[in-house]
Amino acid sequence: MSTVALTEAHHGSAGREWSGPAPKRIVTGYGFWIFILSDMVMFSAFFATYAVLLGQTAGGPTGRELFDLRNVAIETAFLLASSFTCGMAAIAADTRSTIWFQLAMAVTCIFGLGFLTLEGQEFASLVVRGAGPTRSAFLSAFFTLVGCHGLHVSGGILWLVTMMAQVYAKGFRPDIQRRILCFALFWHALDIIWIAVFTIVYLLGSAK
Amino acid sequence: MTHGHDQAVDDSDVAPGDEHLEGTSIGQRVVGYLTGLGLAVLLTATSFFVAGTDLVWEPSIPVALVVLAIAQMGVHLVFFLHITTGPDNTNNVLALAFGVLIVMLVMVGSLWIMANLNHNMMPMDQIMQMQR
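Residue numbers (the working numbering), protein chains in the order written: chain F, -9 to 198; chain P, 4 to 135.
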């Protein structure tokens, strides 16, 4: 701290004064950012497991035989659209527009549910075709990785509905605004992890 | 803060996910998200096209897919999460950099070690013979 002050004094400036602790919004947001990064570290372990076990199909079906890229493309579109509408909800929360906030969150929720429905159908069809998580190490790793992301999306939707209810009941109080900030971070981060999922699992898994 | 130079640089931090809001209208913010959405759609579409096409030299496809994915993650970070290189974002970027370091160590390290073990392991039928 003193080094900074000295350097700035040397440059003829008054230097930075200690302006007190950071605002609560920054502290909360930063803490949640650290959590998201640790969540990504957890996902990296699942990705590493998947990559290591990719070839261990135990004579069972490989990714190329199982994955339906059309389905994955629709899932990707749903999640990307929901990320955009989540951003719209964040703007609406900043401008304290209840109608636009609830509308954008509702659309986000619908896209998220659409994603989960498609993923659920995919999992169900895999299990029916005898390619459930118990078939091979490859499929165990696949279901763990993609299922973990799906669980995060499910949790995110619960959180989303909670935020809609809290804004309805309590309005845009500062603490509610902080929760909306954290929710938006969480939802966008899920989309970033999905980029890795559709690239590493689906596209690389079914590339020629 | 007497110099014009110092005044131009706002040294207050911004929470991750928050935009630098001074002088930005709602319209400009929506356009920011639309730009991100457009770039993300473009990169995603390219990824799916590259994965299924015969037009590209085959061994280059995995590399292209990884590069496209990293580019799209960058687009999401900048346009949706508003993680920028600005001075108000230093802490957020440093935390991200540390996260990326750990992610890379876990993934590259696991693949490297497991491939090496796999390479050095005795074939399964020989192990079976030794146990007899």
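No wet-lab data here; the hints were simulated from the structure.
Only a predicted model underlies this, so the values are computations on that prediction, with no experimental measurement involved.
Each residue gets a CB set at the ideal place from its N, CA and C atoms; glycine is no exception.
Be aware that a few hints might be false.
[Unchecked claim] If we take Cβ atoms under 7 angstroms as the criterion, some of the chain P residues that face chain F in the derived model are:
no., residue
1, Leu42
2, Thr49
3, Ser50
4, Pro62
5, Ser63
6, Val78
7, Leu97
8, Gly102
9, Leu104
10, Val109
11, Leu114
12, Asn119
13, Met125
Against the structure, the hints come out as follows:
1. Leu42: violated, 11 angstroms
2. Thr49: violated, 11 angstroms
3. Ser50: holds, 6 angstroms
4. Pro62: With Cβ-Cβ at 10 angstroms, over 7 angstroms, it is violated.
5. Ser63: violated, 11 angstroms
6. Val78: violated, 9 angstroms
7. Leu97: violated, 11 angstroms
8. Gly102: With a minimum Cβ separation of about 3 angstroms from chain F (threshold 7 angstroms), the hint on Gly102/P holds.
9. Leu104: violated, 10 angstroms
10. Val109: holds, 4 angstroms
11. Leu114: Hint holds; Leu114/P Cβ to chain F Cβ min 6 angstroms, cut 7 angstroms.
12. Asn119: It is violated, given that the least Cβ distance between Asn119/P and chain F is near 12 angstroms, above 7 angstroms.
13. Met125: violated, 17 angstroms
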